[in-house]
Each structure stands twice: as structure tokens, then as C-alpha cells.
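S.K.: Chain by chain, the residues:
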Amino acid sequence: MTQKILGLQEVSGSLIAIDNARGAHNEEIVEIESAGQPTRKGRIIQLDGDRAIVQVFAGTSGLSRTNTKTTFTGHPMELSLSREILNRTFNGAGQPIDGLGAVYAKAQVNINGLPLNPVARQYPDNFIETGISAIDGLNTLIRGQKLPIFSSSGMPHDKLAIQIVRQAAIGDEENFGIVFGAMGVKRDVADHFRKSFEETGVMEKVCMFVNLANDPIIERILTPRCALAAAEYLAFEEGMHILVILTDMTSYCEALREFSSSKGEIPGRKGYPGYLYSDLASIYERAGIIEGKPGSLTQIPILTMPNDDITHPVPDLTGYITEGQLVLDSALHQNGIFPPISPLASLSRLMKDGIGEGYTRGDHAALANQLFASYAKVVQARSLASVIGEDELSPIDQSYLKFGRDFEGTFLNQGFTNKRSIVETLDLGWALLSTLPVGELDRVDQKLIDANYHPENASRILELHMVKE
Amino acid sequence: MSFTIHAINGPVVKVQGVSGFFMQEMVLVSKRRLMGEVIGITESDTLIQVYESTEGIQVGEPVEPTGQLLSCVLGPGILTNIYDGIQRSLKDLASEQGAFISIASKPESLNAEKKWPVTFNVKQGDEVRGGQVFASTPETSLITHKIMVPPDVSGKVIFVAKDGDYNIHEILLKVEAKDGSVRELTMTNRWPIRQPRPVKKQLGVSMPLVTGQRVIDTLFPIAKGGAAAVPGGFGAGKTMTQHQIAKWCDADIIVYVGCGERGNEMTEVLSEFSDLIDPKSGKPLLERTVLIANTSNMPVAAREASIYTGITLAEYYRDMGYHVALMADSTSRWAEALREISGRLEEMPAEEGFPAYLPSRIAQFYERAGMVETLGEATGSVSLIGAVSPQGADFSEPVTQNTKRFVRCFWALDKALAYARHYPAINWNDSYSEYLEDLEPWYKSNIGRDFSSLRALMTKLLHEENELNEIVKLIGADVLPDDQKLTLAIAKCVRVGFLQQNAFHAEDTYVPLEKQYKMMKVIAYLYEATRKLVEHHIPVRLIAECGVFELVEKIKYDVANSELALLDEYPKKIDQALAKVE
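Chains as they are written, first to last, in our numbering: chain D, 1 to 469; chain E, 1 to 582.
No wet-lab data here; the hints were simulated from the structure. Errors might be hidden in some of the hints.
[What the hints assert, rightly or not] Within a straight-line C-alpha distance of at most 25 Å, the following computed BS3-like cross-link-like pairs (lysine-lysine) qualify:
1) LYS473(E) - LYS377(D)
2) LYS404(E) - LYS492(E)
3) LYS556(E) - LYS352(D)
4) LYS91(E) - LYS293(D)
5) LYS123(E) - LYS91(E)
6) LYS492(E) - LYS447(D)
7) LYS270(D) - LYS91(E)
8) LYS352(D) - LYS415(E)
9) LYS352(D) - LYS377(D)
10) LYS473(E) - LYS492(E)
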């Protein structure tokens, strides 16, 4: 059904109310023409009798009660998709902005997607080697996982994402693709990503959806959905291994908050709408592997924690949905360590099933466990040292301080261009543990200690991995 | 009279005009016949929450009453199944619609074709009452499904089918009531999910739900028929704790409700439980399990219903005389679903936007736990274990606080412990169990007379360590006198050797109570023996060097669950090690 309605009743923020809308479908897309201005799109968000409340994507400036003509398209927000979307750039609402014209459409897909049936999912257990010790060794990334980066302003989260893209062996060359969704990022950040993709030579495999900081906020709400609809298509229809990078989820949530308050909804914590959890879940849950289909969809969303606060609703709710998190630590960053991934606050929930014999190496789980536990003791020793002074510490605590310095200087600090194989990472881990007294290794059994505890070789291996400035 | 949609706002649909709908009636909305439930009736409108996406619906589409309350289908075939929040079989949906759940379809909750071998235990002329078991059929290799007379039926049996194979719709029994009306009974019946099923009488709690997790069974036990809450920030291990209990606890039936959580977690439970073999029966764990999965990206109204669907299924098996344990992960997501729908209805919010009726809803849920005598005069129980996901790991938020009021067992998960990879990260200072006293007689007569005193010793050591740590933080451990150093060393044995438990270790993932008891005995013996040395002014440093603490800490790995006799040799081993010190 298509019908044109003249005029509108009310404008409030990005919302308009239109009467005589009988026959409109919930959540369908409308087109709004007004004299002398480009045609805008909007979406019906509420119906009440004859009245439809429409959310206008590009903002409502210039609209009056009489100068509009509204067309109901009769279908929800859809994206035209085919393999041709690779090496293309779109705006936040899925329109091409690279001047290459419309995409040949093999499929029309509703950007909201559908929930994946848990029965049809395949449990992800396929290890992705990123070449970064802090990830491979301690917080292993698994194909089909959603693993966000929790960062804050001024931290090198973009650099880390680029390093992962460059080094990660996600699939064989042919079948590998990246979908990049930028929400409310600065122009230079988007350019930086593009340049890095070009330098790495993967641009032909990248599909970009870009909503810049000064683009309409309503489009920002659509951006991750467009990106994921494209990613789902490539992964599950075209059988590709897709890595989705979404940055910055905090801007997305702020857009959602702005939109929610303009609708007059009852706010939850910090003014964010009460449905923020469900809304974020509808984005993050669109990752995984389907039983019997060749492709996979791995998500790395990036979010900045306002004021470095991990209990802020955005990182908090994200952590409840995603399968772990990589937390960047400002203290490590200030000490010049890259990547500054905090070992204790970070976690990969899927790690347990993707490591060990047949995936990485048999000793991986126990080693990672011991490294975590030992590093936790470093933190205790440091806080004690800050009170009573380093010299007063017991010999054991002193050895932990040294372990901490070595761990951060070698294992964590590997630099932007350095790629370590998983075997190198694990051997380095054992070399570090070998600098501790053997009695302190309480998470590994005797067999592993006998095979891997070699204090005599430790300093040589550590020397090898010290990043030379 | 026909009714039509007047307004749509997210999952809430309004029908205008005077209608014959009743509260909590199940209705079918729009031409696509989406499932919905009446949640409000005003002078001019009826409010309906829809359990599926309302995208694409128009004003003016029909709304059809069904005359039934929102209910579950109860009968054989529930176990090993995986349902969504309104009891649609996800396996059937997957084979019908493919990997993604598109809307509007209501496949039967139970397989209608399958023939079940039924054995009867009543004969023509018998008097039967509501809740009485009149036949049985093996539902899985582990569980016998007892077919019961519905609670509202009683009278004289005027027809009994012969023992044999029947499907769920064939008539098995005809009962003539006193007033002469005849009810035909099949294997199945329906029960409204929001109404507790009736019981003959509530019994007190008296035995523990043994989980095989040391920190729970020993320090903070939950009773069969009890309720416990597991609050914790993300990454603290709520889901792991729930999974461990679901795998190893000694309930007969497990109902696992994934309420607004991750899809992959449900996939994991499904595949892991099919592969895992129950140590007691030698059968796959899935044979005693039913899963309810309403993941975070599935419709929010069905998430609200999923908890009730789960508990109704649990009560149904309880009525057969089984001990049922229900895990709900997570009740916070359920509360958020309440908040979201309440917001759509423009109700006046109370704390943090949650509706004012949040506490009463939480109370209604947890009060459905209990050890009961069923109408059929068997003993059964429903134990509830609800995970709570407090925002920002802040336990003062409304869901955690209100849950705390209605459960008697509280396992507080601690991020600091999880960071140090101390799992299960149940903080021994913040957690509690009010079931200790109720269960004491059971522990005394079934495990050991000194069980409680050993537990008290563990608690005392941990408590003293906590106080000493305050001092250590300021001045270091080296300046403490030797008796306090010993307390720290033994407390470490308790923490590392006893409380920490490795879920991925074949022997350590499940530990029988007997072993827990003997491990405590060894630790107590070690404490006694070393204390004597310290009294003779032998420094703790020297004692530590003989490796006796490591010896005890590694018991959990060194002594297999099948060789508990080995534990009796540890006092001798400790003596031998300590002899070298002197």
C-alpha cells in the first residue's frame, strides 16, 4: 500500500505526528518530501488509532505543519546486499557515499535481523591467532565470539583494532572480510581506519558504514544494524568469515538516550532508557556460527568508558552481554606499554573451549590460570610496597615485583608491529613463571612443572622478547 | 463480536471499546496470530502484551480471544526439550523455519505423534482424587513420567484403557464426578503459568541440595526446597556457578531457564549436557533436564513469561514426587522486562524506573520453592537458584536488595576473587545461608558428628585471616607473631586447597560430601599439629619449608573421588613431614 499524506500535526525533536495514517504498518519506513529540501526517510515507531508517530532519520529542521508530503512505503528498513558491498562505503543509514552508485541487490534484508535460534547455533571453539600475547595467551579470541574493547579517551584502542585486523588469521584469504561500522566518530578516526585498511592491503575485503560525529543521531541508531545486516549476509549467505568492528558504542548509546528522552520515555540509570540492555543485546547477539553453514561472524565492538568508569551503564551492560572484554588500562598506557591490555580486568569467556590440545597446546589453560593468579599477587605486593616500601618486602614479594616488571615489559609490551605465534607466547609465559620460586606455582600440576619450569633459561628468553626502544 | 487493534507501542497493543477479555487471558493478535496476554483492562481499553515482534502490524487488524489463561502444556516429552519463554519447542522451530526465528507460529509444545508405553495402576470402579498418579510411562531412560489426575478432577473411574502404547491425545481414563459429569483424561493437561500448582501441605526443609561444590555444600548450603540467589557483576562467574550446580546437584530433575542471557550459553548447555554423563546414573545429564531459552535478543515480553513457564514445569515434576532444581539466569533480566513493559504502560515508576510491584513479583516467584507433600501424597521439592546481575556490580540496587529479602541463601560473587581466578568466586565474608540450622541434624547423622564444628573452624580461620589482612596491608606479614602467621598459612590452605575448585578438572569439578568432610578433617589436623610446633617456638617459615602446606593444598587433585580411603593416610603423611622440622 502506498499513500501520500499532506501535512503533519506535531513536531518534537526528531519525531513527527501524522494523522489519517490508517493502514500504516508498525515500524515501516516512510518518505517525507518537503518543498526545496531533499527527501528524508523516517520510521513509524508508534501507532494510535489514525495517528502515526514517525522518527525522522535526518532531523526535522525545515519541516512545518503544512509543507510536507509523506509516503508510506509499506516495508521495514531494508538494505540491498550482494558481495559487491565489499570495498564500498555507506553512510549510517546504508546509502552509498563513495559516488559509485547503488549496489546491485541480490537480496533485500531487514536491517533489524531476526533472533538466531539457540538450537541452530554452533558453539564457537575455533581459536583465532591474533599474534598478540595478551590476547592469544590470556584472553583468546574465538571465531564467532563477541569480544569488546573497553577503552577511554586518549587510549590506543583504534591501533589495537587495526593490529588485530592486520595480524589475525581469521580464515583463508579468499573467504575473509571485514565490516566496519563507525558511529559518531571524528572524521580523522574514520580516515585513519580507511588508510590503515589500505596500507594493510585488505581494503577490497572491507565494507564501511560511517556515521560521523556531526551526522544525524537517528542514523547513528541504524548504523550498527546496517553493518550487522551486511555482515550476516556475507557470513551466512556468502559463507565468508567476517570480522565486524563497531566503534564507538558509547556514541551509539548516547544517541539512543537522546532519542529516548525526545520521546518522553521514563529514564533508567544515568538517563539511559530502561531497555538499553535489550537494545544492546539485539546488536551484540548478532554474532556466532550457524550449524551447517560455512561462514562465521566475529564482533569486536569498541567503547570508551566515560571517565574510565567500568560501572557506567554502557560498559556494564555490554559486559553482561558480550563473551568477555579486553580492558585497556591507562596506567599501563602511561608506562609506554602497547597494547595496554589489563590482564586482570580482561576476560574471554569462550577461551576455555578453544584452547588446549588440538587447538593451541595442552598446557595453555593451566599456564594462563597461573599467570593470572601470579599477576594478581603482583598487584597485592605493589600495594604493600607503596605502604611499607619495597625494601621491607619479604623475598617472595620481592620476586613478585620483579615478575610483574618482566611480565609487563615482555609479555604485555610487544609493540604494534610485532607478531608472536601462540607457541612463542606460551613459551614466554613459562619463562616468566620460571623466575618465581617453584612453590609459588599453585595452579599447575607437577607434570607441567617438570616439563616447563626452567629457571636457567628464563632470563635468556626474556631478553629476547624485551622490546628494544 | 470481533475486536481490532487500536494502538501499537512496541510489544504493547491496545484494543478499544468494551470487550469480553479477562485478565491474563491468552489472545491471538493480528492476522499473523501472534501470541499475546491481556495485562490491563480499563473502562475504554484492553491492554495486551505481545510475545513476538510487532513489526509490520497495522491498526485495525483483528484480536482474537482464546478463553484460556496463558498456560503450559504438561505431559511426557518435556524432558530433553528446549523451549522458548512461552513453551514453543525451539528444536521444532529450527527444523520448520531454519536458523533464525521468524515470527508467528505456535508448534505444539509436545510431540503429538510419539507413542508412549503406558502402564496403569488403577482399575475400573476405583475412586481417584486430583493429583493421584493413575499411570506411568518411561519418559527418558532416567525418569519415569507419572501421569496424574488433574487437581480439579475426582470421582469414580468408569473407563481405563489397557496397558499399551498411546500418544498424548488418546483417552486413557474416564472419571465420573459425584454430580454425574464425566471427564476424559489424556496424558496431558494445561496449567496457567502464573498460578502455583496446589499441594497437600508444605513441609519444612530438612535435607541439603548437594551440589558437589565445596564452598556451597560446606559453608553456605542450600536445602532441598530452598531458594538461593547468586548475585555478581559480569565476569564474576554467575553462569559458571549455575552450570556447575545444574550438572552435579543431586536433584532428580533440572529446569534451566536462560532468561535474557547469551545465545551461545544455551547452545553450550544443550551440547554439553548431551555429552556429559551423570556419575550416579551413567546416563547423559540431558535425560533429566529441560531448558528454557529466551535469549537477550528474543522478544522481551516472552522473557517475562519464561520464569513462570520454568517454575510451572518444575512444579509439575515436583507433583510426581521428584526433587526439582530450577536455575534462573538471570532474574535481573526478567525484572528489566517488567520495567520495560511497565514503562510502555506509562505506570508510575518506583526505584530506578522499576515498577512498584517489583518486590511482590519477586516474592511470588521465590515463594513457589518448597518441600511439599503432593496431592498424590508423595514428597517432592522445588529448589530455586536465581542469578542476579546487579548494575555496576552494586548490590544496593533494587533487584538484589528485594531478592535478598525473599531468599535465605545468598552466594555473593566477588569480582576481586574472579580477577585473581579464585573460582568459584563466592565471597565468604558477604555470603550467608540461613539453612545451616535446619540442615545440621542431617549433616550430623549422614556425614559426621563433627561436621558442624569443622565448618565452624573453617569459618573462624577465614574470619581471622580477614582481620589479620587489615594489619598485613599496613605493615606486611613479616612482623606478625608466629601464631598469627600460622593462622594465615592455614587459612590459605582453606582458601586454595578447599574453597577454590577447578570446574575443568575431571576429579575436582564434583566432590562428594564425604570427601569434603575428610578434607576438612585433614586441614583441622594440620592446624592442630602445626600449632603445637609453633607453641614450641618453631618458626612458621621452617614448617612451610617442609612442604606440608602444599601437600594439603593439592589433596583436591591428588586424591580421586573413588579413593577416599587415601585421605585417612594424610595425618600420617603430615606427621612424617613435620617430623623433619623438629
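S.K.: With a cut-off of 25 Å on the C-alpha distance, tell me whether LYS123(E) and LYS91(E) pass.
M.R.: Not satisfied, since the Cα-Cα distance of roughly 38 Å exceeds 25 Å.
S.K.: LYS270(D) and LYS91(E): Cα distance at most 25 Å?
M.R.: This hinted pair is violated, its Cα atoms lying about 40 Å apart.
S.K.: When you check the alpha-carbon spacing of LYS352(D) and LYS415(E), does it fall within 25 Å?
M.R.: holds, 19 Å
S.K.: Check whether the Cα positions of LYS404(E) and LYS492(E) lie no farther apart than 25 Å.
M.R.: Not OK: LYS404(E) and LYS492(E) at ~29 Å, beyond 25 Å, violated.
S.K.: So if I understand the rule, the pair passes when the alpha-carbon distance is 25 Å or less; does LYS352(D) with LYS377(D) pass?
M.R.: holds, 23 Å
S.K.: Take a quick look at whether LYS91(E) and LYS293(D) sit within 25 Å of each other, Cα to Cα.
M.R.: holds, 17 Å
S.K.: If you draw a straight line from the CA of LYS473(E) to the CA of LYS492(E), is it 25 Å or shorter?
M.R.: With a Cα-Cα distance of about 16 Å, the restraint between LYS473(E) and LYS492(E) holds, given a limit of 25 Å.
S.K.: Check the hint pairing LYS473(E) with LYS377(D) against an upper bound of 25 Å on the C-alpha distance.
M.R.: holds, 13 Å
S.K.: So if I understand the rule, the pair passes when the alpha-carbon distance is 25 Å or less; does LYS492(E) with LYS447(D) pass?
M.R.: holds, 23 Å
S.K.: Next pair to validate is LYS556(E) with LYS352(D); report whether the Cα-Cα distance is within 25 Å.
M.R.: holds, 21 Å
In this structure, the hints that do not hold are numbers 2, 5, 7, in rising order.
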